[in-house]
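Using this note's numbering, read the sequence shown as starting at 165 and increasing by one per residue.
Take the hints with a grain of salt, since some may be wrong.
SDA-like cross-link-like pairs, simulated, lysine to any residue; straight-line CA separation at most 20 Å [stated by the list, open to error]:
1. Lys370 / Asn383
2. Lys312 / Asp296
3. Lys194 / Glu240
4. Lys312 / Glu284
5. Lys370 / Lys411
6. Lys168 / Ile179
Okay, the calculated beta carbon distance ranges per label pair [stated by the list, open to error]:
7. Asp403 / Gln286: 44 to 54 Å
8. Asn362 / Arg202: 36 to 46 Å
9. Asn171 / Glu240: 42 to 52 Å
10. Asp346 / Lys310: 12 to 22 Å
11. Thr180 / Asp346: 42 to 52 Å
12. Glu351 / Lys256: 39 to 49 Å
13. Tyr232 / Asn383: 36 to 46 Å
Bear in mind the hints are in silico, worked out from the structure with no lab data behind them.
Where is the CB? At the ideal position from N, CA and C, for every residue including glycine.
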Amino acid sequence: MRDKIKNKEYFESIITQKKENISFYLNALKNNRVAIDRKYVVLNSMAGDCLTSLIAKYSAGYPIEDLYTDYYDALEYMHQSWMVLDNRAYLKDTKYNHYFGSDYDLMLWMLSLGYLLDVEKQKYILLLEILDRFSVKDLLYETIIKAKISERPPITEESYKMIMDMPWAYESLRHAVKETDDEYGKERSSALIERFLNKEFYQRHKGFSFYDHHKSDNNIYYGYWSFESAAIADILSVDISPFENNKYFPKD
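I would like the entire structure built from these sequences, with the hints used as guidance.
Below, the structure written as structure tokens:
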């Protein structure tokens, strides 16, 4: 067990539930029982179920090699749905070239997990196709992508508009990637990642995304893990000893 909030039986029930959901959706799609205008919404739900299953398995203590199937399935369903659905942030009639809330987190987790699991490059590129399709440019996204896809051209500016609480929710982590690549810069980056984990990751998600899921009676909790912190710490080659035992840090 890696998670300290719920027991293994709880996570096994989540994993079983998500497996049954995906099987049901696949059967419905195969037998043309999904309306045309609902197909991509269903695929989006399947992507979410696969990612939830992956994180629940991690929380339950599954070996890392058991996470790959869920990741690749989530990636495929996400690519099929997000290339059609426009999940960008919007306010009234205005669309912004960015994501917010759960959609922002989902993309960040997929990019981070793909880097940490060292998934196949040709598969990982599917995430880039989604971002480029909608001209989404984000500092954290691109930092992780560049470490995985070295030939990725650097962005000159972000497409970001302040919608809800992004990028404020990731403020210290964003500052960490801007530090200089020297001994003192790495020390500051390590301290900023530590601050993010201690003061921002959970607290600044209040009101949206995964916040307080463990208190729900609907079994929606699957673990609180800052995969982006692990990815950024590895990319920056910083000392993780100050925060490796933080309850949100996936140290393995």
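Going through the hints against the structure:
{"no.": "1", "hint": "Lys370 / Asn383", "verdict": "holds, 19 Å"}
{"no.": "2", "hint": "Lys312 / Asp296", "verdict": "holds, 16 Å"}
{"no.": "3", "hint": "Lys194 / Glu240", "verdict": "holds, 16 Å"}
{"no.": "4", "hint": "Lys312 / Glu284", "verdict": "holds, 10 Å"}
{"no.": "5", "hint": "Lys370 / Lys411", "verdict": "holds, 17 Å"}
{"no.": "6", "hint": "Lys168 / Ile179", "verdict": "holds, 17 Å"}
{"no.": "7", "hint": "Asp403 / Gln286: 44 to 54 Å", "verdict": "violated, 33 Å"}
{"no.": "8", "hint": "Asn362 / Arg202: 36 to 46 Å", "verdict": "holds, 42 Å"}
{"no.": "9", "hint": "Asn171 / Glu240: 42 to 52 Å", "verdict": "violated, 31 Å"}
{"no.": "10", "hint": "Asp346 / Lys310: 12 to 22 Å", "verdict": "holds, 19 Å"}
{"no.": "11", "hint": "Thr180 / Asp346: 42 to 52 Å", "verdict": "holds, 49 Å"}
{"no.": "12", "hint": "Glu351 / Lys256: 39 to 49 Å", "verdict": "holds, 44 Å"}
{"no.": "13", "hint": "Tyr232 / Asn383: 36 to 46 Å", "verdict": "violated, 25 Å"}
Comparing the model with each earlier hint shows violations of hints 7, 9, 13; every other hint is respected.
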